[in-house]
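Order-wise, the sequence lines are chains A and B.
All the letters of the first sequence, read from the start, carry residue numbers 1 to 264 under UniProt numbering.
All the letters of the second sequence, read from the start, carry residue numbers 1 to 250 under UniProt numbering.
Hints in this document: simulated from the structure, not taken from any laboratory.
Glycine included, each C-beta is placed from N, C-alpha and C at the ideal position.
Any given hint could turn out to be false.
Stated by the list, open to error - Not the full set, but computed from the structure, chain A residues with beta-carbon under 8 Å of chain B:
1) Pro161
2) Arg182
3) Leu263
Said to hold, decoys possible - Here's a subset of chain A near chain B, in silico, CB distances under 10 Å, partners left out:
4) Ala104
5) Asn137
6) Gln139
7) Thr140
8) Arg154
9) Arg186
10) Ser227
11) Pro230
12) Ala241
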Amino acid sequence: MNLQNILNEIEKVDADVIERLEHVSRRSVFSNFLKKAVVGAAPVAFASVLNKAYGQNNVVGEVLNFALTLEYLEAEFYNKSLESGIIPGAALPYYQQIAKHENAHVALLKSALGSAAISKPAFDFTAKGNFPDVFSNLQTNYAVAQAFEDTGVRAYKGQAPRLIPFPAVLTTALQIHSVEARHAARIRYLRGQKGWITNADRGNLPAATQAIYNEDEKAEQGGVNVSALPMVVSMGISRAAVTEAFDEPLTKEQVLAIAAPFLA
Amino acid sequence: MEKLPKDPTDVRQLLTGRESAAVGRRMFMRYLGATAAAGVALSACTDQIVDPSASGSGRAGFATVDLGDLGSNDVGILNYAYALEQLEAAFYTQVIATPYTGITDGERMILRDIRDHEIVHREFFKAALGSAAIPGLTPDFSSINFSSRASVLGTANVFENIGVSAYNGAGQFIKSADYLTLAGKIVSVEARHASIIATLLEPQGTLFAGDNIIFPSSGLEEIRVPSEVLAIVAPYIKETINGMQSARRA
């Protein structure tokens, strides 16, 4: 497990990362010592401090490898889509932008996991024949893209509570989670769908994708029946709109069941 | 339409300061100014927001709201979210009440959806917090030109991006798994809003997940800690909101 790399990556683009994550320093080895170690470009000391904080943690490794699996899937999908030549010029800028992010996520997670990183699985993007023309039919390609992005959002969300003891890793996961949501909305809009999910509506995707949207129609949150709140009622806000306002998590097992047909 | 500046560090550096509310406000204004210069936003109102002293916090006659130490206080974090949702809900309520010139049916539908979502978020936090909720806040939108599409969508873009970065930055301080999940349920919807608003501003481009917001080398979205966010939104709220995160979690 090489958690040094994940912070090093962030450090490259966000020089304040140590300060932002300073609460990690509830173990006194951090704070000023860590800042000096980073400023002084002493990566060995940095890694040593992080290893003391996180050790060889199975939860972190398991969550990050789960995330890496999904990112492998997405990255290869967009890479192959761009290679296929079917993406029209108007859609190229955001397909390329999304591909860039998914490939960066793969690199980041592999770097963080080091030797613990799983290898890239072999994928079947037809999902056992459900999407036979995924790289020759544009609408099928967009449909698979939406399926992957909406799954990714729910998958990261489901893992967040497990990362509470590891704030730096949690923050990184949240920083990926919101990017997946941006991608999802853009692809949905491209397909003529709302950017957000209404009820458990799969938005004109094939029935094979329904598991991605199941249980997303909740209007009760945190013990509050939101659609019955007085102001929500008086503003005429529908129950469907309430369900749009919250994206529900999926468990790891639910996500793996969704992803299974895409594994060769 | 020109794209946002290619060098993402331009904008990011403007937004990382947290020395004081005044600095935060200045940076926010420079960000708005930069956005306007890039042709997407707020050309009608930049002259109204360049003076930090004119729109500072602590306005006479308005209360000070103390969120407590957000590093060790989940209720404080929920109130922090409640404050941001109040701001967003008020903004979109005004947008729908006084639509900008030339608004299309499609845009009106999107903005009405977003207004509804933000009201839902606001009312949810209010109900969940019960007697622990902070008071209703008074928005100050005097710097926004609601008749201008560029001003409205440019401001919406900024608000949504700030909202996402605020939730992303606050997650690490939340101790309750239930609250963290709830924040997660909301932040991805805010990110969906951000993506669609950006798409209205730049239909064929990459602003929906732009290099100014997503670090290109890591694919990670920016984060902001509460003190940064509160400084940035201060010009838009008449009450003064105090909230700091401690350096340690309890």
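Each hint, compared with the structure:
1. Pro161: OK, holds: Pro161(A) within 8 Å of chain B, min 4 Å.
2. Arg182: holds, 4 Å
3. Leu263: With a minimum Cβ separation of about 23 Å from chain B (threshold 8 Å), the hint on Leu263(A) is violated.
4. Ala104: holds, 3 Å
5. Asn137: violated, 22 Å
6. Gln139: Check failed: Cβ of Gln139(A) comes no nearer than 19 Å to chain B, outside 10 Å.
7. Thr140: Since the shortest Cβ distance to chain B is 22 Å, the answer is violated.
8. Arg154: Hint on Arg154(A): holds, closest Cβ of chain B at ~8 Å, below 10 Å.
9. Arg186: holds, 5 Å
10. Ser227: holds, 8 Å
11. Pro230: holds, 8 Å
12. Ala241: holds, 4 Å
Hint compliance for this structure: hints 3, 5, 6 and 7 are not met, and every other hint is.
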